[in-house]
Amino acid sequence: MNILSLFVIIPLIMMAIIFCIKGENKSLIRVVMSVGGLALLAVSAYLTINYLKLRSGGDDSEFLFTNTPLMWFESLNIHYAVGVDGISVAMLLLSSIIVITGVFVSYAIEDKVKEYFLWFLMLSIGVFGFFISLDLFTMFLFYEVALIPMYLLIGLWGSGKKEYSAMKLTLMLMGGSAFLMVGILGIYYNSTPDGALRTFNIQEISQNVAALANSGADMSWQNIFFPLTFIGFGVLGAMFPFHTWSPDGHASAPTAVSMLHAGVLMKLGGYGCFRVAMYLMPQAASELSWIFIILTGISVVYGAFSACVQTDLKYINAYSSVSHCGLVLFALLMMNKAAMTGAILQMVSHGLMTALFFALIGMIYGRTHTRDIREMGGLMKVMPVLCVCYVIAGLASLGLPGLSGFVAEMTIFVGAFQHPDLFHRIFVILGCSSIVITAVYILRVVGKILFGPMQDPHHETLTDAVWYEKVAVFSLIFAIAAIGLCPLWLSDMISEGIENIVKIF
Amino acid sequence: MEFLNLAPLVLALPFAMFLIIGLFGYKMCPKFAGILGTSVFALTSIVCYGIAIQYFVANYGMEYPKEVLFNFDWLHITENLVISIGFLLDPISATMLIVISTVSLMVHIYSLGYMHGEDGFQRYYAVLSLFSFAMLGLVVATNIFQMYIFWELVGVSSFLLISFYFKKPSAVRAAKKAFIVTRFADMFFLIGILIISYYTQTFDFGILTEVIDGQVPIVHETMGGITLGGLSVISIAVFLIFLGGAGKSAMFPFHIWLPDAMEGPTPASALIHAATMVVAGVYLVARLFPVYSFEAPEVLEVIAYIGAFTSIFSAIIACAQTDIKRVLAFSTISQIAYMMVALGVSGFGGEEGLGYTASMWHLFTHAMFKALLFMGAGAIIHAVHSNEMDAMGNLRKKLPITHATFLIACLAIAGIPPFSGFFSKDEIIVAAFEANKWVFAVEYIVAGLTAFYMFRLYFRIFWFGEPDNGFEHEPHEAPSTMTIPLIVLAAITVITGICWAFGILQFSQFVSSDSLGYAIETHWSIALLSIMAGLIGICVAYFLYFKKTGRPNTVVSYIKRPYLWAYNRFYIDEIYLFITNNIIFKRICEPIAWFDRHIIDGFMNLLAWFTNSASEGTKEVQDGNVQSYAWVYIMGVIVITLVSILNYL
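If you read the protein sequences in the order shown, they are chains A and B.
Numbering of the first sequence is given in our numbering, commencing with residue 1 and proceeding in unit increments.
Numbering of the second sequence is given in our numbering, commencing with residue 506 and proceeding in unit increments.
No lab work stands behind these hints: they were computed from the structure.
Everything numeric in this text was worked out from a predicted model, so none of it was measured.
Any given hint could turn out to be false.
Computed list of lysine-lysine pairs in DSSO-like fashion (alpha-carbon distance at most 30 Å, straight line) [stated by the list, open to error]:
1. B:K536 x B:K903
2. B:K532 x A:K470
3. B:K1124 x A:K470
4. A:K470 x A:K112
5. B:K903 x B:K1053
6. A:K161 x B:K1091
7. B:K672 x A:K448
8. A:K503 x A:K53
9. B:K673 x A:K470
10. A:K381 x B:K672
11. B:K532 x A:K448
12. A:K162 x B:K903
13. B:K673 x B:K536
14. A:K381 x B:K673
15. A:K381 x B:K536
16. A:K161 x B:K1124
17. A:K448 x A:K161
18. B:K903 x A:K448
19. A:K161 x A:K114
If the Cβ cut is set under 10 Å, some of the chain A residues that face chain B in the computed set are [unchecked claim]:
20. T341
21. L395
22. C432
23. P487
Just so you know, even glycine gets a beta-carbon here, dropped at the ideal spot from N, CA and C.
Using the sequences and the accompanying hints, generate a full structural model.
Listed below in structure tokens is the structure:
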């Protein structure tokens, strides 16, 4: 059996097991989740190592670990086809780290544990399935599978205005899916030469499009479907002005869901923009990129400025995500190898960082019962472990060398600045200003809630992290530092994947 | 033993200490953590000394080569642009190795006594190790991006040390300010790197600073002649890089963070905010000096003017401060500006490059005596539990060792022979005299002012008369862990000065702009003038502050307005506060946040409301009432019939 299918099968098995366990037996459910999560992590680590081995062994096909496509819908030529390149391997590794840490963070959930984890697993299936798919239709299917559980997870286990937020998030993302559906069908119907069998297979579509472009066929259909697809995924990637689901959604979501959502689900947006919109419609991508460069450039600065005056911890982080994810799309649109490598690195790094942030915010909220930074202060004294971790997360976010954020941002800035066009380079310089604004809002929070005098006397008696919380945050920090200290293997793995794609522009 | 092979240890040992003390320090007994950190750093220092001495001995009298001891790829950005981490040994990095390892080791030892019993003692040593690692990595950088990496790391360790007393709001504010101001400057540094690397396609210092026939070929060929808005791109790029240096080195208008940074523990101030990190900007310009000198001389001139302005500006402020650490902070700014001036007026090669040598020499001597002054101040603060001058006075008998060493440092900074500061400062003034008379005049005045405010400090602390309210408790001399570093640094200050005076191991034999040693003659005509200035400054300070009299107040009453301006640091901080609070937060951030919540999000809510009300409106049609259905049905039939009839007709 194909190793990639394990990413879908393991969660399915876990779902089956949990389904059979009685809801009261919480600890057993947690054990099953942890074991399964670790298994996923092991599979992705094994996959990464083997991938690197195959590559260094000289295997230079575009996708590795492909299966013989299984026919699913003959009439539309839909297959279950999987395969990975360096980019998807990185994404799978990221997802499995976030899933296992998310499981540990979810130990704190006491209400309807069984149902919670069932939806949680559903979400994971969607995420993993999306990254391994090579068939546009199954990819879209997994995408939807990942979105729907979000509604229930926020609506049932969330806090604050949870119904409103859940509804808003789901509707906006569904709106994006509607665009996407049109875009995907547009690609399906236009990408094949007359008379040939239509296909959803990404690799085949890409070859067909290249052949069509070379034969001088009319490519203007791309100008309609590229923006639709890019916006469709861009909604999930929090692109300005379609980002407003993010602050409310994150604020209401339970901790682990925020982690998964910001850490992995938003990456589906960036990955989709790149794998579907740009890869399959390169001509339109080159032609129309300037519009989206402006939009994402705004995202970068706008998100950072908005974060500076928020008072809710989760809002701050949500806006910071808008800024960081904006940088992902911005770098992708620069369409050179270095900048795109940086974009993928930024996805990985942002995923880890923001998951860490949301985990810590959830833990702090669970103790203080407030997320308002005006009501907290001096927490360093009572919970040193959590607070030191928060400072590390903050430093990673503002791009401290030695942590992953720096590697990603600098690859983006240096890479994007190699663009021969002055307009693009000026935008890169504008983007650079975000490193200062980021420092402002990160230090504002650190200075306010962690340092300084104690704000609320009730906080004197708070306790520090418990073991499962420590496991979760330490492993995230370990991953962030590992990438930050030795980025070479990851960045080389990603840039090999990019190489195949960048040559089509 | 071949010390050059041990080069990796210079970075590895402090980093390992950071990890070990940082991760496991909380389990150690504080004293053990401190001694562990100190002794491992002592090993590092030995290696640093070994490397520097072997390098200088091996190449003495020849052209000093740029040796790369190791260099490994850290990140491939493009095929040409590769960030590597390595170890570059040349005269200035070897000098810096000595400076950093000496001062840092002294601070490690001194802190054993000074920080004794503090909460977070282990954390302090962990961050100190991190800082030492970062600073050493910065000076040995083989490429500009490695420098940027360590540049950011020193910034963060500075943040962590300033906010060491994190329960104090003022310390937190100061740490934030320091980080954000320098970060702002770093952004320019980064943009400068981007521009340079875009054209030259390299980060490597070896290539970037290679001089052939009076030009820097890589820069000249790839960037020469390209202009942007009437300015040459080279000038823009190197000026942006200089701005990054200006941020770290607290040049006007980025100087505001340094005085506030004194909220950190005093030994940390001695290390970071006096001797090492703040001279990183000077080092950066020196590192790229050939590019400045040959390809952008106009930028060098601007640097000279910025330096001159900063030096006199902060010297004036230093005269009016009452917090002893702040006096020292402004004095630091002024002295670093001196070094910048020296680079700004320097030419390239031999005697022409006197400014370059003088700048590095002043960096060396200043690091020693300024660290000494800060540690002395620490001993004084330790004794009287206050930073304010009003709580001090007549301390010379109570703190004899501190007094003697402090006096030596004051004489050195005031430029009195044979102490080291005299020679380094004198060469700067000579270099300025030969290049630019205006700059010379300013620096000459600053020399006098320096002597005045330093001896104001000295007399006010050690003579003057006991404070009005007496001491909180009887001041006593610091423990030996604190006094030994003082004595060592004082000895260095005296010995280096005497060596220079007798022409033994003259600094210019080691460090020069073109890596060829040369001999410097002391220009006694200018030297005598500057000694005069120093003596006048000391005399004025003696007249005002030697004994408790009403004289200082009388003088202040004559110059009330200017005094207030200087005391309030010319209100630059207030201007910054106004810009951040009233412009950036109120006029940019808040409107954007409002726009986001009310316009963008409002539009989405409007869509939802529209859908909702449309369905609310139409749902009435399906009210389940058979009579109304029948009525609508019949009306419909009638209308359709009428329409068809009318049509038919």
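Here is how each hint holds up against the structure:
1. B:K536 x B:K903: Status holds; Cα separation ~27 Å.
2. B:K532 x A:K470: At roughly 17 Å apart (the allowed maximum being 30 Å), K470 (chain A) and K532 (chain B) satisfy the hint.
3. B:K1124 x A:K470: Distance ~53 Å between K1124 (chain B) and K470 (chain A) Cα, so the pair is violated.
4. A:K470 x A:K112: Judged against 30 Å, a Cα distance of about 24 Å means the pair holds.
5. B:K903 x B:K1053: 18 Å, holds
6. A:K161 x B:K1091: Between K161 (chain A) and K1091 (chain B) the Cα gap is close to 28 Å, so the pair holds against 30 Å.
7. B:K672 x A:K448: 11 Å, holds
8. A:K503 x A:K53: 24 Å, holds
9. B:K673 x A:K470: This hinted pair holds, its Cα atoms lying about 28 Å apart.
10. A:K381 x B:K672: 8 Å, holds
11. B:K532 x A:K448: 28 Å, holds
12. A:K162 x B:K903: Distance of about 68 Å is beyond 30 Å: violated.
13. B:K673 x B:K536: 25 Å, holds
14. A:K381 x B:K673: Judged against 30 Å, a Cα distance of about 12 Å means the pair holds.
15. A:K381 x B:K536: 22 Å, holds
16. A:K161 x B:K1124: 27 Å, holds
17. A:K448 x A:K161: 25 Å, holds
18. B:K903 x A:K448: 41 Å, violated
19. A:K161 x A:K114: Holds, at about 24 Å.
20. T341: 8 Å, holds
21. L395: For L395 (chain A), the interface hint holds, since the closest Cβ of chain B sits about 6 Å away, which is under 10 Å.
22. C432: 6 Å, holds
23. P487: 5 Å, holds
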